[in-house]
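All chains, full assembly: derive it from the sequences and hints.
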Amino acid sequence: MSEPTRAEVVAAQREIRRDARLERRLIPKALLALVLVAAIVVLRELLLR
Amino acid sequence: MSVEWLVVLDNALVVVLVAFVALGTVPVLTTAFQFVVLPFHSFLNHYKKAAFAQPNVAVIVPAWNEGLVIAASIDRLVRLDYPQDRLRIYVVDDASTDDTPDIVQAKAREHPGQVFHLRRDKGGEGKAHTLNHGISRVLAEPWAQAILIMDADVIFAIDSLRKMTRHLADPKVGAVTAYIAEGSRDRNFLTRFIGIEYVMAQLASRRTQNVLGAIACLAGGAQLHSRENLEAIGGRIPTGTLAEDTMATFESQLRGRRMVFEPHALVLAEEPRTIDALWKQRLRWARGNVQVTRHYRRLWFRPSRVHRLGSLSFGLIWFSILLLPVLMLLAALGLLLLLLLHSDLAELVFRLMWISAAVVFLFSVIFAVQLDPRTGLRSWREAILFQGIGSLLLMVLAIFPGLIEDLVLAPLGLALTEPGRFAWMASMYLWGPVAMLGAWLARLVERSPVGWLASRVLLYVVGYGSLLCAITIDSYVKEWRHADASWSKTEKVGRVLG
Numbered sequence: 001m002s003e004p005t006r007a008e009v010v011a012a013q014r015e016i017r018r019d020a021r022l023e024r025r026l027i028p029k030a031l032l033a034l035v036l037v038a039a040i041v042v043l044r045e046l047l048l049r
Numbered sequence: 001m002s003v004e005w006l007v008v009l010d011n012a013l014v015v016v017l018v019a020f021v022a023l024g025t026v027p028v029l030t031t032a033f034q035f036v037v038l039p040f041h042s043f044l045n046h047y048k049k050a051a052f053a054q055p056n057v058a059v060i061v062p063a064w065n066e067g068l069v070i071a072a073s074i075d076r077l078v079r080l081d082y083p084q085d086r087l088r089i090y091v092v093d094d095a096s097t098d099d100t101p102d103i104v105q106a107k108a109r110e111h112p113g114q115v116f117h118l119r120r121d122k123g124g125e126g127k128a129h130t131l132n133h134g135i136s137r138v139l140a141e142p143w144a145q146a147i148l149i150m151d152a153d154v155i156f157a158i159d160s161l162r163k164m165t166r167h168l169a170d171p172k173v174g175a176v177t178a179y180i181a182e183g184s185r186d187r188n189f190l191t192r193f194i195g196i197e198y199v200m201a202q203l204a205s206r207r208t209q210n211v212l213g214a215i216a217c218l219a220g221g222a223q224l225h226s227r228e229n230l231e232a233i234g235g236r237i238p239t240g241t242l243a244e245d246t247m248a249t250f251e252s253q254l255r256g257r258r259m260v261f262e263p264h265a266l267v268l269a270e271e272p273r274t275i276d277a278l279w280k281q282r283l284r285w286a287r288g289n290v291q292v293t294r295h296y297r298r299l300w301f302r303p304s305r306v307h308r309l310g311s312l313s314f315g316l317i318w319f320s321i322l323l324l325p326v327l328m329l330l331a332a333l334g335l336l337l338l339l340l341l342h343s344d345l346a347e348l349v350f351r352l353m354w355i356s357a358a359v360v361f362l363f364s365v366i367f368a369v370q371l372d373p374r375t376g377l378r379s380w381r382e383a384i385l386f387q388g389i390g391s392l393l394l395m396v397l398a399i400f401p402g403l404i405e406d407l408v409l410a411p412l413g414l415a416l417t418e419p420g421r422f423a424w425m426a427s428m429y430l431w432g433p434v435a436m437l438g439a440w441l442a443r444l445v446e447r448s449p450v451g452w453l454a455s456r457v458l459l460y461v462v463g464y465g466s467l468l469c470a471i472t473i474d475s476y477v478k479e480w481r482h483a484d485a486s487w488s489k490t491e492k493v494g495r496v497l498g
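Chains as they are written, first to last, in the numbering used here: chain A, 1 to 49; chain B, 1 to 498.
Everything labelled a hint here was simulated from the structure, so no lab data went into it.
Even for Gly, the Cβ is constructed at its ideal location relative to N, Cα and C.
There's no promise every hint is true.
Incomplete in silico selection of chain A near chain B, CB under 10 Å [claimed, not checked]: (1) Val9; (2) Ile16; (3) Glu23; (4) Arg49.
Here is the structure:
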């Protein structure tokens, strides 16, 4: 049975950190969606005036 | 009866009818809740406890007449970025009558000691029975430390298994599932709708479920169990319902084990290309969900220290999907009766309902397409039209009241008469049930000479969501009538991108 090398373990940890970092992008993505919805709401108010 | 009593009766009726409409808004609010919780996955995820882990993995592939796809699936599995001496593939041939046995035996000769052909002489009992045949063989030997259950047609991304096993480093984790994406080479309008649905239901909803600590279902095409977890649930996949994957997910969580959805582990699957095939597949899923709901009837909305399946949030998510068509029908009935009693109030309630639906729809779609930009770009039309042209129109009319009168009728010198206005309002209020009927009709006309066009136009008008609701209603009826629940396989012909 193959034993993991130190390099493999380090690479795996790096990959976990990278994916965890990618998850942090959920917040800006949510904010972008919120801003676009808010823009549409503002546009609606302007059009209904 | 005195006038006072009539007023009291009228008020009580109005309260009940408004409550009907409010109930119809619960799924919208639940969706909003899920998308509000979703960003919390930025820091409330399992990556802190994930670590390098490469257990011995036994892959169990149930196969019945999978001659067109099984070779590619095995080839991809043996090419996975995972130590090959820690990976064994057990193809459970469910008494196939095509060339599946020959192909698998050839692969077993090509990869001795890694690919195994297990033959069931009596097949057709369903996926869970087929899986259990393989699981019992795997668990009889001490080699396997984890068991990956998959479908014969799915294609794992090269790094997907590695990304799943790292969560098993945490002994509290019982199983891990991946992101199943629609991966056909030649997509059509329906597979593009499914692609968007999977982004919403997996990349969005399952991340939320990770945060809430309760997973509704480990995808049947990619569920990695620790050996301990599988043994804890009896060493077999429950066979009592049509939703064997959901049952296994629930049983695991009831024993206190955590389930993890890994959004960065990608698995491509071939999905139905016709409404009829999709209907049959989803009817099986929907009936399975009805059966699961009944089976775990003492679990719902009863919080436990062991698991989160009984939490209020999970119950709301579960029942919002299961009861969506009923709630839509209730809302339509409430609006229609309010129109008869107090048309002004009906209009106000209708507008509130559809404005909230519009805001949540916009937010969720804009958010969701960013979660998988490739699918978002490929299926932007289906993302916009997910709820259908009809629903989009209702959202616009709720946001801009009087639009039809001002922009369409007034320039033509026309105006709505009282009966015309009543009919127009009633048709808008009844859109939900009408759209479900339209989805049913789309399936019906699909096989006609112009079906390919008519069914497509109908589906874009009524929306993919209405199709799923219509299938859910069919599942209620089939369950109520105890209709034949024999397992019917979705035909796969190897369209997934390799």
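Each hint, compared with the structure:
1. A distance limit of 10 Å between C-beta atoms decides the matter here; for valine 9 of chain A the minimum to chain B is near 5 Å, and the interface restraint holds.
2. For isoleucine 16 of chain A, the interface hint holds, the least distance from its beta-carbon to any beta-carbon of chain B being 5 Å, beneath 10 Å.
3. With 10 Å as the threshold, the beta carbon of glutamate 23 of chain A comes within range of chain B, its nearest partner Cβ sitting at about 5 Å, so the hint holds.
4. Below 10 Å, beta-carbon pairs count as interface contacts, and arginine 49 of chain A has none with chain B, the closest being about 12 Å; its hint is therefore violated.
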